[in-house]
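Start from chain A and add chain B according to the hints.
Spelled out from the first residue to the last, the chains are:
Protein chains: 2
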Amino acid sequence: MNTLVQTTPWQRITEELLLIVGSSGLITDESESLVYECDGLAIYRQRPKLVVLPTTTEQVAAILKVCDRYRVPFVARGSGTGLSGGALPLADGILIVTARMNQILDVDLANQQVVVQPGVINAWVTQAVADQGYYYAPDPSSQIICSIGGNVAENSGGVHCLKYGVTTNHVLGLTVVLPNGEIVELGGAVPEMPGYDLTGVFVGSEGTLGIATEIRLRVLKQAEAIAVLLADFTTIEAAGETVSAIIRAGIIPAGMEIMDNLSINAVEDVVATNCYPRDAGAVLLVEVDGLEAEVPVLQERVSQICYAQGARHVRIATAAEERLRLWKGRKAAFAAAGRLSPNYFVQDGVIPRSQLATVLKEIEQLSQRSGYRIANVFHAGDGNLHPLILYDQAVPGALAEVEALGGEILKLCVRLGGSISGEHGIGSDKACFMPEMFSPADLETMQQVRSAFDPKRLANPEKLFPTPRTCGEGAHHVNAYPQVEVF
Amino acid sequence: MNTLVQTTPWQRITEELLLIVGSSGLITDESESLVYECDGLAIYRQRPKLVVLPTTTEQVAAILKVCDRYRVPFVARGSGTGLSGGALPLADGILIVTARMNQILDVDLANQQVVVQPGVINAWVTQAVADQGYYYAPDPSSQIICSIGGNVAENSGGVHCLKYGVTTNHVLGLTVVLPNGEIVELGGAVPEMPGYDLTGVFVGSEGTLGIATEIRLRVLKQAEAIAVLLADFTTIEAAGETVSAIIRAGIIPAGMEIMDNLSINAVEDVVATNCYPRDAGAVLLVEVDGLEAEVPVLQERVSQICYAQGARHVRIATAAEERLRLWKGRKAAFAAAGRLSPNYFVQDGVIPRSQLATVLKEIEQLSQRSGYRIANVFHAGDGNLHPLILYDQAVPGALAEVEALGGEILKLCVRLGGSISGEHGIGSDKACFMPEMFSPADLETMQQVRSAFDPKRLANPEKLFPTPRTCGEGAHHVNAYPQVEVF
Chain A
1 MNTLVQTTPW
11 QRITEELLLI
21 VGSSGLITDE
31 SESLVYECDG
41 LAIYRQRPKL
51 VVLPTTTEQV
61 AAILKVCDRY
71 RVPFVARGSG
81 TGLSGGALPL
91 ADGILIVTAR
101 MNQILDVDLA
111 NQQVVVQPGV
121 INAWVTQAVA
131 DQGYYYAPDP
141 SSQIICSIGG
151 NVAENSGGVH
161 CLKYGVTTNH
171 VLGLTVVLPN
181 GEIVELGGAV
191 PEMPGYDLTG
201 VFVGSEGTLG
211 IATEIRLRVL
221 KQAEAIAVLL
231 ADFTTIEAAG
241 ETVSAIIRAG
251 IIPAGMEIMD
261 NLSINAVEDV
271 VATNCYPRDA
281 GAVLLVEVDG
291 LEAEVPVLQE
301 RVSQICYAQG
311 ARHVRIATAA
321 EERLRLWKGR
331 KAAFAAAGRL
341 SPNYFVQDGV
351 IPRSQLATVL
361 KEIEQLSQRS
371 GYRIANVFHA
381 GDGNLHPLIL
391 YDQAVPGALA
401 EVEALGGEIL
411 KLCVRLGGSI
421 SGEHGIGSDK
431 ACFMPEMFSP
441 ADLETMQQVR
451 SAFDPKRLAN
461 PEKLFPTPRT
471 CGEGAHHVNA
481 YPQVEVF
Chain B
1 MNTLVQTTPW
11 QRITEELLLI
21 VGSSGLITDE
31 SESLVYECDG
41 LAIYRQRPKL
51 VVLPTTTEQV
61 AAILKVCDRY
71 RVPFVARGSG
81 TGLSGGALPL
91 ADGILIVTAR
101 MNQILDVDLA
111 NQQVVVQPGV
121 INAWVTQAVA
131 DQGYYYAPDP
141 SSQIICSIGG
151 NVAENSGGVH
161 CLKYGVTTNH
171 VLGLTVVLPN
181 GEIVELGGAV
191 PEMPGYDLTG
201 VFVGSEGTLG
211 IATEIRLRVL
221 KQAEAIAVLL
231 ADFTTIEAAG
241 ETVSAIIRAG
251 IIPAGMEIMD
261 NLSINAVEDV
271 VATNCYPRDA
281 GAVLLVEVDG
291 LEAEVPVLQE
301 RVSQICYAQG
311 ARHVRIATAA
321 EERLRLWKGR
331 KAAFAAAGRL
341 SPNYFVQDGV
351 IPRSQLATVL
361 KEIEQLSQRS
371 GYRIANVFHA
381 GDGNLHPLIL
391 YDQAVPGALA
401 EVEALGGEIL
411 KLCVRLGGSI
421 SGEHGIGSDK
431 ACFMPEMFSP
441 ADLETMQQVR
451 SAFDPKRLAN
461 PEKLFPTPRT
471 CGEGAHHVNA
481 YPQVEVF
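Sequences listed follow chains A and B, in order.
With the UniProt record's numbering, the residue at position 390 of the first sequence is 390, and numbering never jumps.
With the UniProt record's numbering, the residue at position 127 of the second sequence is 127, and numbering never jumps.
With the rest of the complex left out, here is chain A:
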């Protein structure tokens, strides 16, 4: 007979995980797990019960088998730069950190593909192929720190997504560990495999379907030439109309960004580019790329369209240093907004491009009605808005009012045929807004698909979809927003 030893389930789970990852791969100490209690949406905080740091697909599979057996929920975390609380841990769950899965497994330039582990940093992919003239296109502002695994979970974008698409357009295949610990291959080395496109379902699923442990990425050839144009307009509506006119002319710039007068003055106060005119209603930044023979034609056409739409002046930069200078203000926009006000709340919504002028007018009305100033900075080509609501958290009730205002902006986006998230994801932050956008039948279909991958609801539960606990009667939506530098 064995000696009876009384152990709790968590003790047994800990022992089993130790056998899988060793003591260096397991964090049980509360002070050590502190660093993992939140992601880029820093106001939601929760320490996980255990933190595991696997290095291989097999270790992840073994860990998820333990989770499945004990019915313990898990959350995967890359670099923790997400802005919607998608990597927020669970008090009674395991946090699986992919930081040690940081190997580039294969570089196959003949087929323009790179296979990486999920902890590989976005910028490393480009670094691995740049000397051969290639790059990885999706470029979130956090690209020097964010992980590919996180990019896959959030279907991350960036300023060049207008022409080159978001993460899902660059993921060819995935090795995925399902929540029951089974390993499956989705997609592969050739595009458009038969059967259902489960690669596409997994990308952007915000950690709710399993953990990707190998990711096959497409890399692109670098453009021969690039030009950046900065056009200034007396009204933001004119800048918005110009975006539509450029697209209508058959030109697809690599990126198109708009900043309004409030943002322009904030960045000139802080970084003094001396390029952004303080009296402009808005500036429009346009980047075009392509062949040496093509870019001069494109920049000339874009410039003509800007003038035809009422631009006062169009500045064109082709040399790298001068291009960076024009981008500098845009890149500093969020940090600069922090100077305008003690706090700001950044919203992320999308509208069809044709609705740009309408949405801007309505946001202005919402601002006037509520008394809160709103700075507008956005990926205009994609219709992806980032309104920054300025407020002071020290004023009682301000946060709740600002949250309500942010919600009004999301509902406005939906009403105009758009979306409640452009690139930051739903996560913990916007799950309660999903019914604004999807019918009960639409959401139920998604839940059925979720059950196909995760019948026990162990993979990042309470994210992405509304739950009675987080959005039902009596759920109190406490929130505040950090001043982080995002794009």
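Hint data in this document are derived by calculation from the structure and do not stem from the laboratory.
Treat the hints loosely; a few may be bogus.
What the hints assert, rightly or not - If you anchor each label on the Cβ, the simulated ranges turn out as follows:
1) G22/A - S370/B: 51 to 57 Å
2) A130/A - L109/B: 34 to 40 Å
3) G310/B - V271/A: 51 to 57 Å
By construction, the Cβ of each residue, glycine as well, lies at the ideal position given by its N, Cα and C atoms.
Showing chain B alone in chain A's frame:
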């Protein structure tokens, strides 16, 4: 009390369907349903029990509710041009023909979108927007007759998919009737909606997840200039290497097609283009498009690469008439193959582009070992092969040998990291080959997703996935291949 009337379930189903679509929308007569007994893969034939021709989403929903209530399986059919038997009816099932759902519902050029019913013909979409300078990119060879609904089911491609992508890259949103009759919206007017990308799952699901009744398509601006190059090589391997060299140079042509010596001589016999040299090992057709300023640069670079890779001659056409002349031989290739032999069997497989030379050598070896001549015509840029196996059906046993040889080619594609279907789909034809490509766990995950949409397995059962009845012990795979003109 009601009078007791004994009716069979099919009588009751017929009555219920009559109430939904009226007598003009229902075909019960066997002679009238004859036309629906097969699709482009004409050798599989089966008359359906009933044929219904709805006109609206609501009618489709009502029909599927009847199917759900009586547990009657259904198959959707567009124009019936599919080449894998995806629209093959079931003896005890309902065939839902979308031919009367032929309305273009919305044209929104400001957002480059068109909303259509599924019976709209592919070419009509371009016709609806061409005068404004737009077009719909996916161009299967059957585009003047195939329906958008069928294109969505099969994720159809075409010769311009190398640069512009296949159907899934051009579908933004879908109204779908689920097999239980519920109506859901997948995707929408803006790309990259939050939640799971179910639009992507539905496109290419070959009718197994429900019926798309409204389809939101992206349309593109027409290119300013186009050039077609015809390069002739002494070996097909050199033509294959040239394809890789062009891509390596950072050029993405609109299309790249290769034809081998056998195909060249067949088309010159039949259509006499007088452009394709009869002594060439292979010809490579390259189409480049873009700005007026860009195309001359691209054509010059492609031409130089062709010569550097050993091309004997490169012919360049920019005028529309001359471009069509260079394309003429390629377009006639399949029809011409019919002259080489009493019958031919067209295979559809994919390999990574880097494996082109290898796969061609191995196909040549398979040809020599089996004694069957194989003509090679393919979308080389995508690695999408269409080997044509020439045979005579009158020779006893020939068909079975050719089928086996076709299967060997598919296995070869999988072994080289490729796929068993490039663009014709799996349907009835290749379901038994799915386990060559996917592990049991991979297939099980797809089945789970299928159950999320269709728990009762009413939507096009026995297609796409292997079943014991069609692929198990004792299943007899009888087949022969029609001589249809495909691209």
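A quick look at each hint next to the structure:
1. At about 54 Å, the CB distance of G22/A to S370/B agrees with the hint of 51 to 57 Å.
2. Range check, A130/A to L109/B: about 38 Å between beta-carbon atoms, so the 34 to 40 Å window is met.
3. For the pair G310/B and V271/A, the beta carbons lie near 55 Å from each other, so the given range of 51 to 57 Å is met.
The earlier numbered hints are all upheld by this structure, with none contradicted.
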